[in-house]
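Go ahead and model the full structure; you've got the sequences and the hints to work with.
Chains A and B are the protein sequences, given in the same order.
Per numbering that gives the first Met the number 0, numbering of the first sequence is gapless, rising by one per residue and ending at 475.
Per numbering that gives the first Met the number 0, numbering of the second sequence is gapless, rising by one per residue and ending at 280.
Since the hints were derived computationally from the structure, they do not count as laboratory data.
Among these hints, one or two may not hold up.
If you want a taste of the chain A side facing chain B, the calculated C-beta under 7 angstroms gives, among others [claimed, not checked]: (1) Ser86; (2) Ile410; (3) Phe418; (4) Lys463.
Calculated pairs, DSS-like style, for lysine-lysine (alpha carbon to alpha carbon, straight line, at most 30 angstroms) [stated by the list, open to error]: (5) Lys187(B) / Lys75(A); (6) Lys75(A) / Lys169(B); (7) Lys127(B) / Lys228(B); (8) Lys169(B) / Lys178(A); (9) Lys113(A) / Lys187(B); (10) Lys166(B) / Lys60(A); (11) Lys259(A) / Lys291(A); (12) Lys187(B) / Lys105(A); (13) Lys102(A) / Lys187(B); (14) Lys55(A) / Lys131(A); (15) Lys77(A) / Lys105(A); (16) Lys187(B) / Lys104(A); (17) Lys131(A) / Lys187(B); (18) Lys169(B) / Lys102(A); (19) Lys218(A) / Lys84(A); (20) Lys114(A) / Lys127(B); (21) Lys218(A) / Lys317(A); (22) Lys55(A) / Lys228(B); (23) Lys127(B) / Lys112(A); (24) Lys55(A) / Lys169(B); (25) Lys131(A) / Lys263(A); (26) Lys141(B) / Lys55(A); (27) Lys84(A) / Lys166(B); (28) Lys55(A) / Lys84(A); (29) Lys187(B) / Lys84(A); (30) Lys183(A) / Lys291(A).
Even for Gly, the Cβ is constructed at its ideal location relative to N, Cα and C.
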Amino acid sequence: MSHHIIDLYNITKSYGDNEVIKDLSLYIRQNEFLTLLGPSGCGKTTTLRIISGFEKPDSGKVFFNGEDITDLPPYKRKVNTVFQKYSLFPNMNIYENIAFGLKIKKFSEQEIKKKVKAALELVELSGFERRKPDSLSGGQQQRIAIARAIVNEPEVLLLDEPLGALDLKLRKEMQVELKALQRKTGITFIYVTHDQEEALTMSDTIVVMNQGVIQQIGKPTDIYNEPVNAFVARFIGDSNILSGVMLKDYLCEFAGRQFKCADKGFEKDEDVDVVIRPEDIRVVAPEDGMLKGTVESTLFKGVHYEMIVTSTDGFRWKIHSTEMTEPGTEIGMNIKPFDIQIMKIPYNILTGWVLEDNMVDIGPVNVRYKPGNANASEFEDEETVNVYILPQDIDILAEKPAEEPEDGDNILKGEVETFRYKGDDYEITVKCEDLSILVHTYDKVKVGQTVYLHIPEESIRIRKREEVVEIDDQGN
Amino acid sequence: MTKVTKVLKNIPLYIWILMFTIVPLLMILVYAVFEFRPDGVHFTLEHLKNVITNQDYLRALKDSLLYALVSTVICLLIGYPLAYILSRLSDKMRGFLSMLLLLPMWMNFIIRTYAMLSLIDEEGIVTKLSALFGGTMLKGTKAAIIIGMVYNFLPFLVLPIYTSMMKIDKSLIEAAQDLGGNSYHVFKGVVLPLTVPGIVSGITMVFVPCVTTFVIPQLMANNVWTIGKLIEYKFVSNASADGVDPDGGALSFILMIIVFISMSIFNLIDKDDESAGGMTL
Numbered sequence: 000m001s002h003h004i005i006d007l008y009n010i011t012k013s014y015g016d017n018e019v020i021k022d023l024s025l026y027i028r029q030n031e032f033l034t035l036l037g038p039s040g041c042g043k044t045t046t047l048r049i050i051s052g053f054e055k056p057d058s059g060k061v062f063f064n065g066e067d068i069t070d071l072p073p074y075k076r077k078v079n080t081v082f083q084k085y086s087l088f089p090n091m092n093i094y095e096n097i098a099f100g101l102k103i104k105k106f107s108e109q110e111i112k113k114k115v116k117a118a119l120e121l122v123e124l125s126g127f128e129r130r131k132p133d134s135l136s137g138g139q140q141q142r143i144a145i146a147r148a149i150v151n152e153p154e155v156l157l158l159d160e161p162l163g164a165l166d167l168k169l170r171k172e173m174q175v176e177l178k179a180l181q182r183k184t185g186i187t188f189i190y191v192t193h194d195q196e197e198a199l200t201m202s203d204t205i206v207v208m209n210q211g212v213i214q215q216i217g218k219p220t221d222i223y224n225e226p227v228n229a230f231v232a233r234f235i236g237d238s239n240i241l242s243g244v245m246l247k248d249y250l251c252e253f254a255g256r257q258f259k260c261a262d263k264g265f266e267k268d269e270d271v272d273v274v275i276r277p278e279d280i281r282v283v284a285p286e287d288g289m290l291k292g293t294v295e296s297t298l299f300k301g302v303h304y305e306m307i308v309t310s311t312d313g314f315r316w317k318i319h320s321t322e323m324t325e326p327g328t329e330i331g332m333n334i335k336p337f338d339i340q341i342m343k344i345p346y347n348i349l350t351g352w353v354l355e356d357n358m359v360d361i362g363p364v365n366v367r368y369k370p371g372n373a374n375a376s377e378f379e380d381e382e383t384v385n386v387y388i389l390p391q392d393i394d395i396l397a398e399k400p401a402e403e404p405e406d407g408d409n410i411l412k413g414e415v416e417t418f419r420y421k422g423d424d425y426e427i428t429v430k431c432e433d434l435s436i437l438v439h440t441y442d443k444v445k446v447g448q449t450v451y452l453h454i455p456e457e458s459i460r461i462r463k464r465e466e467v468v469e470i471d472d473q474g475n
Numbered sequence: 000m001t002k003v004t005k006v007l008k009n010i011p012l013y014i015w016i017l018m019f020t021i022v023p024l025l026m027i028l029v030y031a032v033f034e035f036r037p038d039g040v041h042f043t044l045e046h047l048k049n050v051i052t053n054q055d056y057l058r059a060l061k062d063s064l065l066y067a068l069v070s071t072v073i074c075l076l077i078g079y080p081l082a083y084i085l086s087r088l089s090d091k092m093r094g095f096l097s098m099l100l101l102l103p104m105w106m107n108f109i110i111r112t113y114a115m116l117s118l119i120d121e122e123g124i125v126t127k128l129s130a131l132f133g134g135t136m137l138k139g140t141k142a143a144i145i146i147g148m149v150y151n152f153l154p155f156l157v158l159p160i161y162t163s164m165m166k167i168d169k170s171l172i173e174a175a176q177d178l179g180g181n182s183y184h185v186f187k188g189v190v191l192p193l194t195v196p197g198i199v200s201g202i203t204m205v206f207v208p209c210v211t212t213f214v215i216p217q218l219m220a221n222n223v224w225t226i227g228k229l230i231e232y233k234f235v236s237n238a239s240a241d242g243v244d245p246d247g248g249a250l251s252f253i254l255m256i257i258v259f260i261s262m263s264i265f266n267l268i269d270k271d272d273e274s275a276g277g278m279t280l
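Okay, structure coming up:
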């Protein structure tokens, strides 16, 4: 097992009321290419800035080679950053830009010349020494920014969406070059992107984040083939996500029939999410199929056709096939057991502050929890905790409550943000002030509609935030 | 757009420049080299010659440049750190403090100078305080002129520097820190070079009015002659019924040339810095 070069322990960070990182712990191994992947606002850039020292975590610790660097200013850290907007110094030429860090480190003029030359060779821009940054193209500026960072021989290179401003073709080329550069130099890369394809192409390890919480950590193939929840499955590539029930080990039910599958270890009749990749569905004759459906549309995508197929139960499937099928055709669909990915339904994880009388403050309102779910005496007053609520436990009230909801009624007012049919029920996200809450419901609602959510007392679970783990001398 | 419509669209601008820049400039030149006498208009270089040979005029000119230079340097020493501090404050604090900085400018320039004067004249609190330590009255001294100039023109230097500081992309400062730069390196390598345009325009905004002002020296130290005071004297106080003192036109013309030369030098510094782009650590 490789040496950990960076360890993050229980990091939290808020801007005002907005908590961007919630209790995040992560380690980064030496020489790996690790990608923080997630939609904008998921906390990936903030995590990177905490490692570089430009942001200070509200709580938690950052370790570098086993040494606590939480309070170390950026200029004393042995990491360098490639910024999103390149951030080359406009008042200096390329040589001076690359030499900036070396001059500060008091290298001799001779050595600086040699190192700058080597760095420019590495990014294939030899002879650009005397040019000004604004006379270079975006791709060239990006390479200079990389050269300026790696010329300092950092132990860790941080890259904040470095290819975001480049066009598609250049971006693909740079992906290959960056990966090659990382292999050649052996520097640990921490890469931030919202582009799942970029992450899958380049990374040794991918960390998928959403709303300040790590969703999954794994190799690209693991993340793609075995997403742990619906968010990851949806974020990484196209997928069909349905609500299902795990009847027993290796047997599940969704889309109106039972399927053999490769998963076990769930409770009997546990509600689950089922993920099936579009390329894993085989199109067969209607009478041979496990499921029947009608092709609604067919789109040629270069290598394959993408079809939308409505099955008899009403679910719209996305299917990739190399063969063309006319819209309107009735087809059968077959799915192999190991192509069915079963996932636990993720909890809503909210930040709460424990109050008296079995109440917890979750931001918009104070809610009451069942005394049995948490021993009130084990929490300090106002202690920050994680509050867990399953999406299927939340009810949508049929109509507006007669009276204005009070604390303890466990009723939240919110607006529907997203809406998705999952074969059996609907998965919606409801925005309640700063919170975004996932709800599973059989009711049909519209995006933008105002709804009242009721969270039953017994469905609220409260857990302490873990203490900072002390690490041993080896930094493990 | 055709060339003709382009020209037509700019006509208001051309009229403005003609009326308020070209014509006044020509009039200064006319007053410098023509004499308007009851018997007609006469061309003469006598007054220009007079201005550059008269020892009193030359002393006033030299003093004016010196006061302006000293005041500008003091403004820069106070104003640059002020702009730097201002640019690093939180949005709310910054708005409030920059308003405080500009607040005195809402008041008339002469009233402001009188207010300053009341602090340093016979009855002034500064005079009384300094008397306790054996000091003398500031009013009437050269220092009073410099105080007046610094007080009046400081905001004009702070603002352009502050603006150029606000324009610096925060990520450039972070990049410098990221490369190992402490506050000194960040300042020397990034902040200072990128604020040079602001410094140059700030210096211009202070130096020129300092050279030409007549109100400040008149009020703060009436016994000292500056070029601004001389011109005012020639054109206003000493103007006779049969026209202005012709030396006034010549003085204005010479002063304009000197200001033009000093501005060219400042701008040269700006250009130099840009092309060299140098950072020396």
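Hints versus structure:
1. Ser86: holds, 4 angstroms
2. Ile410: This hint is violated: Ile410(A) lies away from chain B, its Cβ roughly 36 angstroms from the closest one there, beyond 7 angstroms.
3. Phe418: Constraint on Phe418(A) not satisfied, violated at 38 angstroms.
4. Lys463: violated, 35 angstroms
5. Lys187(B) / Lys75(A): holds, 18 angstroms
6. Lys75(A) / Lys169(B): holds, 19 angstroms
7. Lys127(B) / Lys228(B): Between Lys127(B) and Lys228(B) the Cα gap is close to 29 angstroms, so the pair holds against 30 angstroms.
8. Lys169(B) / Lys178(A): With a Cα-Cα distance of about 29 angstroms, the restraint between Lys169(B) and Lys178(A) holds, given a limit of 30 angstroms.
9. Lys113(A) / Lys187(B): Cα-Cα ~24 angstroms, so holds.
10. Lys166(B) / Lys60(A): violated, 34 angstroms
11. Lys259(A) / Lys291(A): holds, 17 angstroms
12. Lys187(B) / Lys105(A): holds, 16 angstroms
13. Lys102(A) / Lys187(B): The hint holds at about 13 angstroms.
14. Lys55(A) / Lys131(A): Outside the cut-off at roughly 34 angstroms; violated.
15. Lys77(A) / Lys105(A): Measuring from Cα to Cα gives roughly 16 angstroms; hence the hint holds.
16. Lys187(B) / Lys104(A): holds, 15 angstroms
17. Lys131(A) / Lys187(B): holds, 19 angstroms
18. Lys169(B) / Lys102(A): Given pair Lys169(B), Lys102(A) holds - Cα atoms ~22 angstroms apart, limit 30 angstroms.
19. Lys218(A) / Lys84(A): holds, 28 angstroms
20. Lys114(A) / Lys127(B): violated, 65 angstroms
21. Lys218(A) / Lys317(A): Measuring from Cα to Cα gives roughly 25 angstroms; hence the hint holds.
22. Lys55(A) / Lys228(B): Violated, because 58 angstroms separates the two Cα atoms, which is more than 30 angstroms.
23. Lys127(B) / Lys112(A): Answer violated: Lys127(B) to Lys112(A) is near 63 angstroms, above 30 angstroms.
24. Lys55(A) / Lys169(B): holds, 17 angstroms
25. Lys131(A) / Lys263(A): violated, 61 angstroms
26. Lys141(B) / Lys55(A): violated, 52 angstroms
27. Lys84(A) / Lys166(B): Satisfied, since the Cα-Cα distance of roughly 15 angstroms is no more than 30 angstroms.
28. Lys55(A) / Lys84(A): holds, 22 angstroms
29. Lys187(B) / Lys84(A): Within the cut-off at roughly 22 angstroms; holds.
30. Lys183(A) / Lys291(A): violated, 52 angstroms
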